[in-house]
Amino acid sequence: MGKKLIQLENITKTYDGNMILDDLNLYVKENEFLTLLGPSGCGKTTTLRLIGGFETPDTGRIIFDGKDITSLPPNERKLNTVFQKYALFTHMSIADNIAFGLKISKKSKAYIQDKIKYALKLVNLDGYENRSIDSLSGGQQQRIAIARAIVNEPKVLLLDEPLGALDLKMRQDMQYELIRLKNELGITFIYVTHDQEEALTMSDTIAVMNQGYIQQIGTPEDIYNEPENAFVADFIGDSNIIDGIMIEDKLVSFLGIKHECVDTGFGNNKPVDVVIRPEDIEIVEAGTGFMDGDITSVIFKGVHYEIEIMAGGYEWLVHTTKYFETGSHVGMKVIPFNIQIMHKPESSDEKAVELDA
Amino acid sequence: MVKKSLSRIYLAIIFLFLYLPIGVLIVLSFNNSLSRVKWGGFTTEWYRNLVSDPTIMNAFYTTILITVASSVIATIIGTMAAIGISAMRKRNRQIMLGATNIPLLNADIVTGISLMLLFVRFTELGTSTVLIAHITFDIPYVILNVLPKLSNTSSHTYEAARDLGATPLYAFFKIVWPDIKPGVFSGFLMAVTMSLDDFSITYFTKGAGVNTLSTMIYTQLRKGIIPEMYALSTILFFLALVLLLIMNYRSVKDAKGRS
Amino acid sequence: MHNARKRLLAGPYLVWIIGFTVLPILMILYYAFTNSDGGFTWANIAAIADPVHIKALLLSLKLGILCTIVCLLLSYPLAMILNSLHIKHQSFVVFIFVLPMWMNFMLRILAWQMLLSNNGIINGFFSIFGIPKLHMLNTQGAVVFGMIYDFLPFMIMPIYNSIVRIRKETIDAARDLGANSFITFFRIILPLTLPGIVSGIIMVFVPALTSFVISDLLGGGKVLLIGNVIEQSFMQGSYWNLGSGLSIVLMIFVLISMAFMNRAGESGGHAVW
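Chains as they are written, first to last, in the numbering used here: chain H, 749 to 1105; chain S, 408 to 666; chain X, 747 to 1019.
Please note: incorrect hints may appear among the correct ones.
[What the hints assert, rightly or not] Below are the EDC-like pairs computed for lysine to aspartate or glutamate, each with C-alpha atoms no more than 20 Å apart in a straight line: (1) Lys914(X) with Glu803(H); (2) Lys1018(H) with Asp586(S); (3) Lys826(H) with Glu901(H); (4) Lys411(S) with Glu803(H); (5) Lys1006(H) with Glu566(S); (6) Lys1006(H) with Asp570(S); (7) Lys410(S) with Glu803(H); (8) Lys914(X) with Glu824(H); (9) Lys914(X) with Glu901(H); (10) Lys865(H) with Glu803(H); (11) Lys903(H) with Glu925(H); (12) Lys1006(H) with Asp986(H).
For the record, the hints were derived by calculation from the structure and aren't laboratory data. Just so it is clear, the structure is predicted and the values come from calculations on it, not from any experiment.
Same shape as in the complex, but just chain H (with noise of 0.2 Å):
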């Protein structure tokens, strides 16, 4: 891999008086594939968005391609960013959207053409110029903030949780095609997400972070193997982390059910990440549990057995020290202590307005 691209030296960054980034170093280098991966408040949004130039750091420099590009506003940075929500124009249609940054940098309209044409087929949506955004799914609307950004031909491109808001099937789909695209355009990806899985899938660095500080830095394979503290052993590993919707205070709605857990303050009807461990899971006989599901795979690990249950369209993965035969049908059971209840990823704007609550 080439040379250091982006260097972040001591970045510190506060909002209210609150460290967000404490004395932050980091380099991306090219054609690397950079995860940022964390919890929510972890600081890594707020990094991916002081290398998009939409925050300025307290002290510290950004250096890209050599230059100090600190305090260069966004439009002068020759990075784009693929955001959260998409942020697409909804007031235009999707050439418009992918066209907004060639017609300012004004290319010619055959190349502008050209350039939508390329860039719809390389996310797939071949003939979409003409339909309006409301018309497209939640992952085509990704894929357009995709394309909207990769016509611009960056250096770097920044995703800031670009699959948060796609179901399941959906993500595991795009992380191949951003791999696939990522390939086929040769360029930088500063990826921010808090799916371990994710991050393990598509990276070839991850930097793990926590409360402002990076916990370690390394390959997918040493943070998954050698993870360097409790944060980050904790924070890679096996987990079933389910879509949910926290329903009120200790009740949470997942793949259909309701289950009982000991979380609180999370709001009413509020989509939350459901985290339980594979230790955690009890299997049961049929209709006793939480959720029934046919065992679909079974491997003896030494002091356990790990057992895939495929229960409410979701692979299960449960480890349990008793042997069942594959194809069974079981219960599931689960205490409410043991069921984790993870805010979703957020966008930095609310995060402010957290913050000042």
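Following the hints, position chains S and X against chain H.
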């Protein structure tokens, strides 16, 4: 920084523009002179005279009666209508909303005249015709405030409550009411504001001898405004200020409590 | 099933609309197209061509358009500034602009009369600095000024509401794609707030076009608007048929301007480069 102070100055100018006449009226309410442009010393005479002036008290009473009665009736009819409209099919809903927009978008003078033409054909103009006219232009404000809150209310929850044995009324107050309450209140508040401040429609639909504060001032214009009017308006203004501040404070607290 | 019963709740309102919205309009139409004997006539509509009436209508259009333009130019920067203040509770902004309405409208306009008159407060203030007396009251300018004062909140609120709704990420995206503040404003912010601008224009232009009280108070009888003509034909004489005819003409102008604005709003919603 320059930009920031410029925008502060701009805000201040607009604020001055909006509140300067109000300041003038408040000052006049304490002015011990019948002249409108000279300061004759401080007095509270106009405030003390207020209650003993039958014309003003009469107009005040009529204003309050019409404002409160029309807003309450409009809020009830409007809230019911909003619930009904939300349950309608798209085409009927659009027709109803179109009709709702007529009094909002039509010129006050045309609304006033058209109602007057209707009233004189069937009855005498009086307090009740003003009341009907006010209800007519108040209802749209209620509907447009309540309707958006209703689309948030999942009608499934209502049906679930009914399924669990709740009576329609019980289900309404337990399920629907909490959701639409802010909309109903802001609709009511807008209705009160519009009624209180209306001149044109009252002017055309009132009978002889019936006066609200607005129409009374209009008839006084030629003869000269009695200073007690300023005193009454100042009192009303500060009442509104206190009321709105309390409501604003409460909504701020509500919003904070939720987040 | 539940829905059918819910729809019944709109029943009283439906009766109300028919009785007090539709029927009055039919009444005004009836008067507009009949003469005092009850026979059909176009005369009341055609009366708009009378030099006095057409002059009043044109003046109303002129002052109404002027008032709307000034309100728009004042409101847009104001709405942007209010938005940048990060006031978390929109109700407070509404509060600032609704509060003046609780001081009687007639008295507030009257206060302007005192402020603007030849011996008024503003001229008194000017004289301290040796500025000669300005003749402000009883001019067209004073009438427009009063209209701007009265209708400004109706322009600010819809524009502010539409600006607040623009997500910060959308602006970030435009900046990210190379747009400077100028392009961001004209290609993103302005088109996205167009619906707010359109409803603001309608909410200011219609009352300004049809106003008659402000011209009475600040125009001193020297500024005759179409609203004044209509008002006088009902309240000072008994020319109800004529007044109704002119009202219909006024309504047609209102409808035309609304249709025009709504179309402008729709086509402008898409970027035209």
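key: Violated hints - listed by number, lowest first   = 9, 10 and 12
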